[in-house]
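These protein sequence lines map, in sequence, to chains A and F.
Mapping the first sequence onto the numbering used here, position 24 (from 1) lands on 24, and the numbers just tick up by one.
Mapping the second sequence onto the numbering used here, position 12 (from 1) lands on 12, and the numbers just tick up by one.
Among the clues, some could well be false.
[Stated by the list, open to error] Have a look at the derived ranges for each label pair, beta carbon to beta carbon: (1) F/Arg127 with A/Val18: 29 to 39 Å; (2) F/Thr321 with A/Ile21: 34 to 44 Å; (3) A/Gly20 with F/Pro384: 45 to 55 Å; (4) A/Trp23 with F/Ser349: 43 to 53 Å; (5) F/Asp395 with A/Gly20: 18 to 28 Å; (6) A/Gly20 with F/Thr367: 52 to 62 Å; (7) A/Gln27 with F/Leu232: 30 to 40 Å; (8) F/Arg234 with A/Phe16: 54 to 64 Å; (9) A/Gln27 with F/Asp260: 21 to 31 Å; (10) F/Leu232 with A/Trp23: 26 to 36 Å.
[Stated by the list, open to error] Here chain F is said to cover these stretches of chain A; the calculated rule only asks that three of the stretch's residues, wherever they fall, bring their Cβ under 8 Å from a Cβ of chain F: (11) 4 to 14; (12) 17 to 26.
If you are wondering where the hints come from, they were derived from the structure by calculation, not from laboratory data.
A virtual CB, placed ideally from N, CA and C, is assigned to each residue, including glycine.
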Amino acid sequence: MDILYLLVPLSVVLVFIVLGIFWWALQSGQFDNVEREGERVLRSD
Amino acid sequence: MGLPLDLTYINRMIGVMDYPCHMNQSITVPPARWTPQPPPDGGDGVFGAHRGPLTVTDDFAVLDDPAEQREFTEVIDVDGQAIAESVLMVQGMYCAACADTVESALQDLPGVHRAQVHAATRRLMLRWDPVRTQMSALARAVGDAGYRVLPMQQALSISERLKETRQALWRLFVAGFCMMQVMMYTWPMYVAEPGEMSSDIVQLLRWASWVLTVPVVTFSSSPFFQSAWRDLKRGRIGMDTPVSIGILVTFLVSSAATFDPGGPWGGEVWFDSVTMFVFFLLGGRYLEFKARDRTAGALDALMNRLPEVCERRRDDGTYETLSVRRLVVGDVVRVQAGQAFPGDGVLQSESATVDEALLTGESHPLTRRRGEAVVAGSFNLAGPAQVRIEKLGRDTRFAQIVDLMEKASTDKPRLAVLADRIAAPFLVVVVFGALLAAAYWWQVDHSKALAVAVAVLIVTCPCALSLATPAAMLASAGALARRGVLVRRLQAFETLSTIDAVVFDKTGTLTEDRLVLRQVRVREGVTRAEALQVAAALAQGSLHPVSRALARAAQDEGLTPAVVRGDVREAAGKGMEAFVGAYGRVRLGAAAWVDAPEAVPSADGGPEAHLADDAGWLASFELAEGLREDAAAVVQALKAAGIRTWLLSGDRDAAARQVAQAVGIDEVVAGASPEQKLAEVERLQGLGRRLAMVGDGLNDGPVLARADTSFALGHAAALAQTRSDYVIQGGRLMDVADTLVQAKDTMKIVRQNLTWAAIYNAVSIPLAMIGWMPPWLAGLGMALSSFLVIANATRLARRPPVQSPA
Chain A
1 MDILYLLVPL SVVLVFIVLG IFWWALQSGQ FDNVEREGER VLRSD
Chain F
1 MGLPLDLTYI NRMIGVMDYP CHMNQSITVP PARWTPQPPP DGGDGVFGAH
51 RGPLTVTDDF AVLDDPAEQR EFTEVIDVDG QAIAESVLMV QGMYCAACAD
101 TVESALQDLP GVHRAQVHAA TRRLMLRWDP VRTQMSALAR AVGDAGYRVL
151 PMQQALSISE RLKETRQALW RLFVAGFCMM QVMMYTWPMY VAEPGEMSSD
201 IVQLLRWASW VLTVPVVTFS SSPFFQSAWR DLKRGRIGMD TPVSIGILVT
251 FLVSSAATFD PGGPWGGEVW FDSVTMFVFF LLGGRYLEFK ARDRTAGALD
301 ALMNRLPEVC ERRRDDGTYE TLSVRRLVVG DVVRVQAGQA FPGDGVLQSE
351 SATVDEALLT GESHPLTRRR GEAVVAGSFN LAGPAQVRIE KLGRDTRFAQ
401 IVDLMEKAST DKPRLAVLAD RIAAPFLVVV VFGALLAAAY WWQVDHSKAL
451 AVAVAVLIVT CPCALSLATP AAMLASAGAL ARRGVLVRRL QAFETLSTID
501 AVVFDKTGTL TEDRLVLRQV RVREGVTRAE ALQVAAALAQ GSLHPVSRAL
551 ARAAQDEGLT PAVVRGDVRE AAGKGMEAFV GAYGRVRLGA AAWVDAPEAV
601 PSADGGPEAH LADDAGWLAS FELAEGLRED AAAVVQALKA AGIRTWLLSG
651 DRDAAARQVA QAVGIDEVVA GASPEQKLAE VERLQGLGRR LAMVGDGLND
701 GPVLARADTS FALGHAAALA QTRSDYVIQG GRLMDVADTL VQAKDTMKIV
751 RQNLTWAAIY NAVSIPLAMI GWMPPWLAGL GMALSSFLVI ANATRLARRP
801 PVQSPA
């Protein structure tokens, strides 16, 4: 089970990476108006 | 295209078109037209150059800019003193207790007459004396208390709201994602048999949990800490105080257990509990935030309609883009399709299709021709339209409507005031309760004392209690506003739900303002159509109500007016005279004017007109006031609800009885002067009746004010001056019955909410004190109780508009 000593810290790092990705997605406005993305396909322009 | 389709289309259009308008906010504005006042604190450059949204570094001086202030401040007259009344939005408020903090920060300042904060919409209504203080000073005082005030217009702008939503979502996500991971680290510890895991692994998992709990406590929970700190600084206890203590104590004890397992703090860790209840709390708040956004959305949709910038025609015919605040009366602006008109004005283009849902509550396209009026806040649906501005800003009907809505939304219902008042002592009791429980459990079982105290602190959020009433009433007000019914006082729901009699005014209320043709008598050998054609020929140029009724009657029956030779001569107050085809000289008017023995006044003394030609009497027209289409339906609906109806009229007895009979009203009091009307209302109230008065809001002022609650059918009436509780803008009488139903539903929801909040607290506090409620469950319960209250209230906002029978 020694591999846990590597995997557990790795999972912590992974969490921070995921949070970073979400931060980027949020700041680029992807969650500002969730309905709009669905409606966009219906629009002609 | 059916109505539902129209609505979605227009809503989408509004949604889409609103965006660019607000995004353009940062557009450069040309030099100011107003005369700059000297800056209050010696700073310069604030007034001239910078006019964007406030930033944290602003010293609030921009709030003293008169051009800025005009948008959110109105000067009113109180006992001969000029008092400024401002509506602002407060940023950083989370609960009812915060409302108290802001109010008390302002209340004692010199020059402040009244400060009232509405927790559910985070709006501040402030009455202050411009001679004794300045807006910037007041804003600074609120800033010192830890909140930020923003002018309504800016507060509602997309960018501010986006920032708030993003921040809330980010905090929630950090808490949620870390919570999931901490759960995973904790899970093995729950399922492992004793001795199955080596102590090294256990320690490793604890450290990992700690690393992920740190951002949750330091970042995600910071709103709780900030709010608690604000309260402490002001020497009061808010709902976040117990929550913060709970989070901090749990985290610190768990950290100590992680790094010093054998220490005095014991070996138990609660990282999973901390992260979970921070997540639940934030989740509850986020949903609350969203729901409140939607509830206030209907009001905001109204208030947010004016564009920030517009295109003004220069003298050379080209257009310049400038801020709406720089417009002056007389300017000609071009309004593109999909945009809202920036002010009340007169159409200069050939025609325009507009949506005046703002006034009528019904989204359907209306056609306006050159020279006709358009109102601020209504939408131009097709093609660019040119409009000469006649009224701007505070003077527009739009502003009057917004004003009413803002007043209503800062108006605290009595029940809500009660909840606000009990919130503080309630919390003090609870903190003592937590200490007591902890002290007791410390003697019984050390390890449980902490969890019990934390649970007690968390379950006791009074949010549900203080949100119960305003949330429901606001949701209802929003739903009604979308339908064209404005609620001026939120308390009115309470009164309206208890009424047992409705008193109608006749003219302008049950009847329309115009006359309709009821009966035609004609000379032998002349048809009704011929008589009407001749009458219409004379009447079409006149503005007299009788003439207009005749002209309209001819038009409705598809008759073309007879050809007139020469001009129509009008003798004011008597009638008209002209030469028409084979008839020769024709006269239309009162019996005396036509001078024919057959032209006798009708028996009931109603309005009439007579027609005569060279051969003598030709025809007589009897007219009557036109009933509103839905007058009978609304009386039936009220009767079905067990409500008695009265007709109170200043008109002739016969006319009043005729109307009452036509619509099915129970009792009639006719020929009453305003004083007699008032006396009659008082007499009915003396008999124990609870009355709702329905009037046109103009001449019924005192009666409307005296009745328990009142409706005004607002047309051209200066809405802001009406004394009624409800203003019906669409002219649909059916709205009276619908509003009554809505009021009853609202009170039902309020009672449900209060009952639920009370039961929740009564059950959960003892449970937490005897140790049956772990902290995470307490967090869940508290968030859920607030959310349930809001969700329950939202049901009111979702009611579909009731269509009046066409």
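Against the structure, the hints come out as follows:
For the pair F/Arg127 and A/Val18, the beta carbons lie near 50 Å from each other, so the given range of 29 to 39 Å is not met. The supplied range of 34 to 44 Å is met by F/Thr321 and A/Ile21, whose beta-carbon atoms lie about 39 Å from each other. One distance hint, 45 to 55 Å for the beta-carbon pair A/Gly20 and F/Pro384, holds here, with the actual separation near 47 Å. Between A/Trp23 and F/Ser349 the C-beta distance comes to about 49 Å, which sits within the given range of 43 to 53 Å.
Judged by the Cβ atoms, the range 18 to 28 Å given for F/Asp395 and A/Gly20 is violated: they are separated by roughly 52 Å. Taking 52 to 62 Å as the suggested C-beta distance range, the pair A/Gly20 and F/Thr367 conforms, at roughly 55 Å. For the pair A/Gln27 and F/Leu232, the supplied restraint of 30 to 40 Å holds, since their beta-carbon distance comes to about 33 Å. Taking the beta carbon of each, F/Arg234 and A/Phe16 are about 37 Å apart, not inside 54 to 64 Å as hinted.
With their beta carbons about 39 Å apart, A/Gln27 and F/Asp260 fall outside the hinted range of 21 to 31 Å. About 31 Å separates the C-beta atoms of F/Leu232 and A/Trp23, a value consistent with the hinted range of 26 to 36 Å. With a threshold of 8 Å between beta carbons, the proposed coverage of the stretch 4 to 14 of chain A by chain F holds, since 6 of its residues qualify and at least three are required. Only when three residues or more bring their CB closer than 8 Å to a CB of chain F does the claim for the stretch 17 to 26 of chain A stand; here the count is 5, and the claim holds.
Hint violations for this structure: numbers 1, 5, 8 and 9, all remaining hints satisfied.
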